[in-house]
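Residues per chain are reported as follows:
Protein chains: 2
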Amino acid sequence: MDRKSEQTFRHAVEEIKKGKSFLVASHVNPEGDAVGSTLALALGLKELKKDVTAYLYDPVPATFRFLPFADKVVHKINEDKIYDAIFAVDCGQRDRLGEEFDKIRNKGKLINIDHHATNDCFGDINIINPDACAAGEMVYDLLKEIPVAITLDIAINIYVSVLTDTGSFRYSSTTPKSFNIAGEMVKLGVEPWDIAQRVYESYPLYKLKLLATVLNTLELSNNGKVALLVVTLDMLNKAKASKEVVDGFVNYARTIDGVEVGILLREAKPGEYKISFRSKGRIDVAKISEEFGGGGHKNAAGCNIKGSLTEVKEKVIGAAEKKIYETAAI
Amino acid sequence: MDRKSEQTFRHAVEEIKKGKSFLVASHVNPEGDAVGSTLALALGLKELKKDVTAYLYDPVPATFRFLPFADKVVHKINEDKIYDAIFAVDCGQRDRLGEEFDKIRNKGKLINIDHHATNDCFGDINIINPDACAAGEMVYDLLKEIPVAITLDIAINIYVSVLTDTGSFRYSSTTPKSFNIAGEMVKLGVEPWDIAQRVYESYPLYKLKLLATVLNTLELSNNGKVALLVVTLDMLNKAKASKEVVDGFVNYARTIDGVEVGILLREAKPGEYKISFRSKGRIDVAKISEEFGGGGHKNAAGCNIKGSLTEVKEKVIGAAEKKIYETAAI
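As you go down the protein sequences, you meet chains A and B in turn. Residues in the first sequence are numbered consecutively from 58, following our numbering. Residues in the second sequence are numbered consecutively from 58, following our numbering.
Hint data in this document are derived by calculation from the structure and do not stem from the laboratory. Predicted model, so just to flag it, every value in this text is computed and none were measured. Errors might be hidden in some of the hints.
Identical chains share a label here; the pair holds if one copy fits it or two copies do between them.
What the hints assert, rightly or not - Mimicking DSS-like on lysine-lysine, the simulated pairs with C-alpha atoms at most 27 Å apart in a straight line are:
id: 1; residue 1: K295; residue 2: K326
id: 2; residue 1: K266; residue 2: K300
id: 3; residue 1: K379; residue 2: K133
id: 4; residue 1: K166; residue 2: K297
Given the sequences, and given the hints that come with them, work out the whole structure.
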């Protein structure tokens with residue numbers, strides 16, 4: 058189904074023009090695009106002198122607290138307030154809005170703006186564009202359609218959305234439009250080096266120490282086609298690190314020459330591991346994750362498995378080797 | 058002096074139009090921009106049915122051997138041949154062309170196309186644009202001026218020039234034009250993920266093992282404002298790694314929260330260390346390097362120091378702490 062053509066920004070613009078008071082929300086565990094697209098839209102509505110609340114169920118991660126308007130984000134829904142419309146941005150499913158979704162649902166017309174092809178259209182108005190590299194790109198399109206002049210504060214949020222969701226303009230989701238938007242934001246005053254330092258070049262010391270420990274766990278199998286890294290609770294405790302710090306470590310396994318599938322096992326609690334799979338492109342790791350009740354995309358997927366470290370290792374390496382064998386046979 | 062206005066692409070275009078046979082050359086130890094801009098210009102001239110030789114003194118690094126026309130690069134100057142013009146791209150000084158420079162110098166009119174502000178104008182025609190993010194950007198401008206239609210093979214080379222010289226669109230040299238060129242190259246068929254994997258996501262296994270060892274040498278001083286990493290000959294030998302593998306490791310020191318100066322000491326030979334300094338922006342590390350007879354840019358510089366590891370560490374940490382103290386006092 059081509060969801061793009063169902064409903065368009067025109068429907069959202071109508072609601073914005075006739076309304077006065079809006080809530081903008083995004084998903085739990087927000088990353089750069091969730092935070093950036095929420096704040097860009099909230100700031101855009103403020104430019105129109107609307108009453109705007111930006112809501113995220115979880116705290117804004119430290120990395121993104123420099124974003125303009127990040128300090129105004131609320132984490133509780135005001136029980137008494139009703140809005141003219143609620144925007145959900147970058148949210149593929151309703152439950153991704155967090156446990157307060159039912160409260161949000163009843164507070165006004167729900168406008169769902171998202172770039173995930175799997176979006177289940179939980180809104181009253183659903184504008185889904187899987188070709189957009191980031192929800193921030195869709196907010197950019199919406200602001201242009203209203204139109205709202207893009208201030209530097211809005212530009213910084215849009216830039217960070219596009220930057221982070223394209224992996225610094227590296228992922229296959231990067232399009233000519235991604236580059237054109239980024240160029241326009243830089244013209245408006247965004248400083249690429251300043252942003253890159255804040256987003257990518259700011260490691261807590263314990264993260265680097267943990268990385269050194271984790272890299273030492275590297276194991277290769279299947280003639281170097283599968284690489285596996287392990288993070289135990291003991292390592293996290295010793296480094297005094299939270300589990301979020303581990304995000305991205307799996308990429309070190311994938312980047313090794315000849316590796317087709319990179320795997321990271323993180324001990325979630327004694328006897329249970331959270332598994333991240335990454336592939337270079339050829340192997341569909343979502344299919345591997347599904348075998349263990351997980352899911353994801355072709356090149357990035359995950360699941361949880363119970364068992365001892367040895368058992369879990371055997372299971373995931375076995376499943377990866379099987380998938381590589383099957384893929385070669387096609 | 059604004060060198061930009063001295064001579065323009067028009068002078069180069071005249072030489073191209075009247076000539077038949079050209080040599081394109083770049084600097085020793087070529088990186089992405091040197092290789093990409095050389096190959097893009099060579100391929101552009103080939104589109105005009107010219108006779109073209111691409112020359113680099115050193116081999117094309119393995120990472121960049123996938124670039125179209127990279128397999129045609131020669132590393133020896135043909136003693137007998139005379140060209141209508143010689144292009145030097147991305148070369149700040151004549152001796153950067155390599156030991157065969159004098160042979161090159163006598164083979165035709167020398168056209169110097171570069172984006173380094175420090176270029177010493179060693180050519181007969183000198184086109185210097187310090188605002189260009191890469192020599193590849195200048196080759197793009199030249200091809201547009203001729204004009205030559207940009208083929209996919211040319212586009213890949215220009216894209217890699219811009220990508221690598223802006224550090225994946227992160228350095229302060231990144232401009233709206235960098236993004237516009239990248240977007241145009243993607244429109245022409247360049248695949249950002251394919252290129253990014255080849256350029257950034259292909260680590261030999263021993264590099265990752267060496268990284269783990271090097272991260273374990275991390276030392277902080279000056280209240281966490283100076284971070285130091287060490288690579289010894291013993292570590293390189295044990296990892297069976299060449300010294301080039303260490304390039305970029307210094308960035309791990311710089312990325313730590315609160316660090317102002319990141320330093321990497323690499324043992325060049327017993328009793329002598331090659332030092333790399335990186336700053337986040339405030340501290341001028343070129344000034345620190347100059348104290349030891351080295352040089353570089355404000356945020357990236359280097360030098361060589363003789364002595365024992367302990368002596369060299371003390372010297373560089375002391376110099377960095379002094380510079381931080383002086384900078385704070387300004």
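Checked hints:
no.	hint	verdict
1	K295 with K326	within (15 Å within a copy, 36 Å between copies)
2	K266 with K300	both (14 Å within a copy, 23 Å between copies)
3	K379 with K133	neither (46 Å within a copy, 48 Å between copies)
4	K166 with K297	neither (44 Å within a copy, 63 Å between copies)
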